[in-house]
Amino acid sequence: MPLLTESKLFIRPDGPDKVTGSGRYVADITLTGMLTAKFLYAGISHARITRLDVSAARQVPGVFAVLTQDDVPERRFGSVPDRTLFAKDVVRFEGEVVAAVAAIDADAARKALDAVVVEYEPLPVVTDLEAAIADGSPLVHEDWADYGPTRVERDGNVASFTSMTRGDVEKGLAEADHVITSRYVTDASHAAPIEPRGVLAQWEGDRVTIWSSTQVPFQARDGVCETLDLPTNRVRIIVPHMGGGFGGKCGFHYEAHVAALARAARRPVRLLFSRWEEFIAPDRRREGMIIEITTGLKNDGTLTARRARVLLDNGAYSADASFFPHMAAMHTLGPYKIDNIGVEVSSVYTNHQPSGSVRAPTAPQACWALESHTDELASAVGIDPVVFRQQNCVDTGETGVAGQVYDEIGLQECIREAVAGIDYGQDLEDDEAIGVAVGWWPSFPGPSGAYVKIDSDGKGVITTGAQECGTGSVMTLPILAAAELGMEPEDFELVYQDTSAAPYDEGATGSQTILNNGRAIVEAAQQIAVELKNLAAEKLEASPDDIVLADGGAHVAGSPKSAVPIARLARTAAGGEMLLGKGSGTPPEYPSAVDVSCVGDRGMSGWAGPQFSCHAVKIRLDRETGVVRILEVSTAHDSGVIINPIGASGQVEGGVMMGIGQALTEGTVYSEDGAQENPAFLDYKLQTIADAPPISIHFAEVYTPGMGPHGSKPIAEAPNVATAAAISNAITKLIGRPVPHLPMTAPRVWETMQRRGEA
Amino acid sequence: MTQPITQPITLNVNGMDYSVDVDMGRNLLGVLRTEIGLTGTKEGCDDSECGACMVLLDGQPVNSCSYLAMQAQGRSVTTIEGVMSADGLDALQRSFLEEGGVQCGFCTPGMIMSARALLDGNPSPTEEQIRIGLSGNLCRCTGYAKILAAVVRTASGD
Amino acid sequence: MSFTIAESVDEALAALATGARPIAGGTDLVVGTRQGKAHLPPSLVAIDRLDELDHIESGEHGIRIGATVTHSRLMIEPTIVSGYTALADAAALVGSPSTRNIGTLGGNIMNASPAMDTGAPLMVLGAVVQLRSTGGSRAVELSDLWTGPGQTSATADELCVAIDIPSRPARSGSAYVRLEYRRAMEIAVVGAAASVTMADDGTILDGAVALTAVAPTIIEVAGASTSMTGLLPDAAATAIANAASDVARPISDLRGSESYRRHTVGVMAARAVDAAARRAAGEEIGVPVNRAIGVGAS
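Just so you know, the protein sequences line up as chains A, B and C, in that order. Using this note's numbering, the first residue of the first sequence is number 6, and each one after it goes up by one. Using this note's numbering, the first residue of the second sequence is number 471, and each one after it goes up by one. Using this note's numbering, the first residue of the third sequence is number -7, and each one after it goes up by one.
Chain A with its partners taken away, still in its complex shape (with noise of 0.2 Å):
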C-alpha cells in the first residue's frame, strides 16, 4: 500500500511558518514583564571554589534574582548522577554554571554577573585521556563512590567501563597470516545547530510553564522535577518551534535554571544563548576518542579475530555517556563476520565539556577508525576493499560479532548500490580517488503515546507527545494516520511539543520518533477506523468487516460508488459517541545477544531493527596543500521501507554534509589548561553550500516486520555514520596512508604526507 502517491505533493505543515518567519521559536517569545537571565560561568577547568558571595550581585539596579546551588535543592542528576545545577564546592570545566541572574535587561544582568565574588584555588586539570587512566592520576571527581548506587562499571577516572569478548581472541589472531594494528584519534566536535538555546519561564501559583528548545521535552520536564523537587503535574513544558538539534538538545539542561530564577524573582525569566555559550556550556559535545584496533586476517580475507581498546573523552559529567562505552564496542567492531572479539572501552572523566548524545553518539569516530583499518586489512591481503567489505559483512541470516544473527537486513545490496551510484572503478585523474566505507546503527523501541480525533466536518487532530526538530515528523505522523484512515495527511491538525497535552515520547532522540511514535499513532487511529466501519455498517447496512475506508469515505468492498463521506460520519458521530483514539503501541523487543559476554553490559549488543548504509565518497586533493575537496557521494540506507521520501532523503543529505565536515573542517581545539579555542563558528568551520558536492541516494527497502509502521526502520542518525570514514579511505588511496587524526584538516593531511616522504 503506497503510503503517499508519488505524484502527491505533501507540504510540511509546520512549512509555511518557517518560510514566511511568522513562526516563533523560544527567542521569539517575549511575555510582559519578563526579565533576562545571564549564567556565571566558571572561566576555569578545575578548581575548588573557596569563596562565592552574590551578596553585592543581589543589590545591583534591575537585578530581581541571583542564585547559587546554595538556593536549589540538592540534587545530583546525569546517567551517572555526578551533576548538580549549579557547582558545589568545585567546578569541572570552563563552563559549569556557577550562578545565574535574572535582571531587568541584559547590562543589568551583566552588571551583577561582575559583581559576584568567586575566588578559586586551582586544581590539576586532566584533559590527557591516557593520563587520566595510569596510576596516581588526579581525579576529576573526588567523590566519586559517595554519587549514589549506578548501574555503570567505574573506578577512579573511568566514569563507565564496557567490554565484550566472545570466542578467543589469541587463538584467533594465533591463526592468522596478518596481524594489523592501528591507532586513531579524533578531536571532539559538536552538533552546532544554527539556533542557540533558548528557555522561558513563568509561574502562576505553584504551577511553572516552561517554553524550551529540547529535543526531549518530558525528560526536560523530568529534570525540572527531579532538582526542583516538584511533581509533574505542575510543570509544562512546551517547545515552539525548535532550531535543529542533532543531539545537542537532548537531555535535561537549563529548564530548572531558569524555572528557579523565574520563581526567585517572581517574572517571567528568558534565557538565551549565544553561539559562544552553545559551543562552551551544554553537556552535549561530540566526544574525542583514541581507539587501538588489532586484528588478523587469513590470506583469503578471512577475520580471524579483533582485539580493541577505545578511550573516550567523557568530559567532566556524565550527561547520557554511560551507554556509550557499549556502543563505541560495538562501532568498533562493525556489522562484520569475526568469531574472536575483545573490546574493552572505557569513558574517561577529564576536565573538558561533558560528552552526550550527538547524532548517532560514537559512531562517526569509531566507524572512521574501524573503516580505515579494514582498508588497511584489505590492502595487506590486496583484495579491492570493496569485495574485502562483500566478503566479510554481515548478511541475512549470518551471524554478527555479538552473537546476533539477522533476519532479513541490506548490507550487501547498500555496498553494491552505493559503488554503482558513483561508478566505482572509473578511470580517474591522479589527484581524485573514491573512498568506501560501510556503516551500521541500531534502533531504539520505546515507549510513546499519542491521541487521535475525527472532530464534526471530518478533520482530524493528532495530539502526540512527539518532538519535531526538523526531521519531519510533522510529515510522517500524520501520513500514517491519513493512512489508516483513508484519509489525506493535510486533514490533520498536529498538537505536539507540549507534556500536559499528550502522553509521554521520548523525543527526537535515538531517531526514534516513527519508530515508537509512529506505532502509537497508528494504533490511535485504528481505533477510530472500528468506529468508522461501525457507523458506516450501519448506515450501508453491511458487515463491519467489509466497509473499506478510503478516498475519504467509507464504502463496502467492491462498491466504491457506494461510499459515505467521513465528515458525514463524523458529524454523526459528533452527537455521541465521538471519534476518540489513543495509542501506546507496545515497544518491540530488543533481540538478544547470543555468546556474548559484557561487562558494563547496557543492553547494546542485541540490535533491535539494525540500519546499515555504505557511502562512497570521490575527492580531489590538492598535494601541496593537504586541502581535500569532496566531488561526489554516493550513498546507500537500509533503513526499512521509506514512508516519507522527501524526509529521507533530507535526513540522508544533510547527515552527509554534518559527516563531510566533521570528516575535515570541525573538530574543537583545546588548550592545555581544558579550553575550547575555537568557540566560534569563524574557526569551527561548518560546511557551505559552496562545499556541498551532489549526493546520490539509494534506499534498499527491506520490509522489516515487528519494528516501525509499514516494514519501516529509523533514518535520522545512520547517515551520520560512514561518510567520514569513506572520507578517510579515499585520502588514503592518494597518499598511501591514513591520517591518523580526525577531522583530517589540510595541515594534517599534508604533515601525514611529510612523514611519509620522511619514512
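The hints are simulated quantities; they were obtained by calculation from the structure and are not laboratory data. This structure is a prediction, so every number in the text was calculated from the model and none was measured. Beta carbons: idealized from backbone N, C-alpha and C, even for Gly. Hints are supplied without guarantee of correctness; some may be wrong.
To be verified - Examples of chain C residues toward chain A, derived with CB under 8 Å:
1. 174
2. 175
3. 176
4. 177
5. 249
6. 259
As the list claims (entries may be wrong) - To be clear about the criterion: a stretch of chain A counts as covered by chain B if any three or more of its residues have a C-beta under 8 Å from a C-beta of chain B, and this derived list gives those stretches:
7. 13 to 25
8. 30 to 44
9. 236 to 249
10. 468 to 477
11. 657 to 663
12. 678 to 687
13. 690 to 704
What the hints assert, rightly or not - Across the chosen pairs, the derived CB separations fall in these ranges:
14. 136(A) - 597(B): 47 to 55 Å
15. 127(C) - 63(A): 47 to 55 Å
16. 597(B) - 173(A): 50 to 58 Å
17. 597(B) - 208(C): 38 to 46 Å
18. 140(C) - 608(A): 56 to 64 Å
19. 244(C) - 435(A): 30 to 38 Å
20. 274(C) - 133(A): 53 to 61 Å
21. 221(C) - 127(A): 58 to 66 Å
22. 561(B) - 396(A): 45 to 53 Å
23. 274(C) - 599(B): 22 to 30 Å
24. 155(A) - 555(B): 55 to 63 Å
25. 143(A) - 145(C): 46 to 54 Å
Could you slot chains B and C onto chain A? The hints should help.
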C-alpha cells in the same frame, strides 16, 4: 538599570517607516526583533558567520547582527516578513516548501533573503553563482541539496 | 555617545578632529565589539554615504578608488578586473556576499589585519593611500602605513579617502590566491599576490610578490623582481615559492602551524606568479583565481 544614551531614528522596514529611540551600539537585528517586533529574522551567531540574520538593505543582503541600527537610517530594509506578496507566498518560498528545502527552519529566512537578492540581481544564475550567493548562510539540517534545488527551480521559473 | 551621518568629507574630518571614529560598512568594527572584545567608540561618524568617497576614476596615470567602494563592486568593476585583477581576486574572496556588500576597501586597509585579503594585491600593484585631515592631505605608501596587527601610522584625525594605483604596463598581469579550507566564508590562513610584466620572449621582465597572514603585517617579498627577471614563469614560480617561504614569519595557531604556513605561503606565491604570468600573456582567468583554476582543490 542602565540608561543608555539613545537617539531617535527612523527606519524604513518593508515599506513602512518606524520611529524608534535606540542606543548607538544596538545592532539592526535587535531593533528589528524587539522595537519593531519582526522576529522572522534570526540570530544564530552574532558574528556574521551564519547568515540567519540576513536582511536586505537597499536590496543587498546584509548581516543585520553586525550592522548598527543607526547605519540603516534613510535606507530601505526588507525582512522575511516583507517577502510575501499580497496574493500569497513568493515563488522562492513556494519552491523551498515544495522541494523540501526547509527542515528546522531557523536558517530559512536568511537563506531566502540571500536567494531573493541573488535572483533580483541575476534572474538566471548558474548553479555555481547560486552556491556563491548563498555561501554566507549556514544550514545544518539539509546538506543544502534541496535548498539549491529550490533556488534553481525558482530561477528556471518552474 | 553620538552617531553622525556625515554629509560631506569636511564634516567627517571635523568630527574626526573632535575624537569621533569613522564607520563605513562597520563589518570589522561591529563584530569587534562582540563578547566584550572591544568597546564601540563613543562617537562615530558614518562616511558610507559620501559620494566623493564612493567612486572609481581611471586615467592615464592609473586609477583612484574611493575609500568606501565595496568589495562587491571591486570584484566586478571592469577596469579593476581587466587591469588590476589581483585586487578583484581578493575582493571576491572577502568574507561572505553580505560582508562584501558593505565592507569597503578603505575599511579593509585601515583595519590593518595581517590576514586582510586586499592588502597583498594593493602592495604588489604599488598602491598609495590618500589620507586627509582638517590639517591637510598626504599620500602614504602601504609599507609605511601598516605598523602592526590592527595598527597604522595614520593619526586618529586622518581619514583614508582614496587609494591610488599607478597605471599598468603593457604585458602585465596580477593575481591573488589564498589557502582555503572551505570554498567560502574563509579567513586567510595564508595568501599571496603577484604582479608580473612579461618580456617579448616569454620571460618575466619584472614583478612583485606580497604575502598575507605570515607576519604582523602584509609583507612584500624583497627582491622578488630580481629573482624572477629573465626566468620563464615556471622557474620564476619555483624561485618565488622558496623566497616566500624564507621571508615568511608565521605564527602557529589553530588555523595552521608555523611550518605549514611557511610551506603553503610558498605554494600560494608560486600559484599567484603562475596566474599573473598567464594573465600577462593574455589568458583569461576568471575572478577569483581560487575558483577559476582550483586553488586548494576547488
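Verification of the supplied hints:
no., hint, in the structure
1, 174, "holds (5 Å)"
2, 175, "holds (4 Å)"
3, 176, "holds (4 Å)"
4, 177, "holds (6 Å)"
5, 249, "holds (6 Å)"
6, 259, "holds (5 Å)"
7, 13 to 25, "holds (count 10)"
8, 30 to 44, "holds (count 3)"
9, 236 to 249, "holds (count 4)"
10, 468 to 477, "holds (count 4)"
11, 657 to 663, "holds (count 7)"
12, 678 to 687, "holds (count 3)"
13, 690 to 704, "holds (count 7)"
14, 136(A) - 597(B): 47 to 55 Å, "holds (50 Å)"
15, 127(C) - 63(A): 47 to 55 Å, "holds (53 Å)"
16, 597(B) - 173(A): 50 to 58 Å, "holds (56 Å)"
17, 597(B) - 208(C): 38 to 46 Å, "holds (40 Å)"
18, 140(C) - 608(A): 56 to 64 Å, "holds (60 Å)"
19, 244(C) - 435(A): 30 to 38 Å, "holds (31 Å)"
20, 274(C) - 133(A): 53 to 61 Å, "holds (58 Å)"
21, 221(C) - 127(A): 58 to 66 Å, "holds (59 Å)"
22, 561(B) - 396(A): 45 to 53 Å, "holds (52 Å)"
23, 274(C) - 599(B): 22 to 30 Å, "holds (26 Å)"
24, 155(A) - 555(B): 55 to 63 Å, "holds (59 Å)"
25, 143(A) - 145(C): 46 to 54 Å, "holds (50 Å)"
Going down the numbered hints, you'll see the structure goes against none, and every one checks out.
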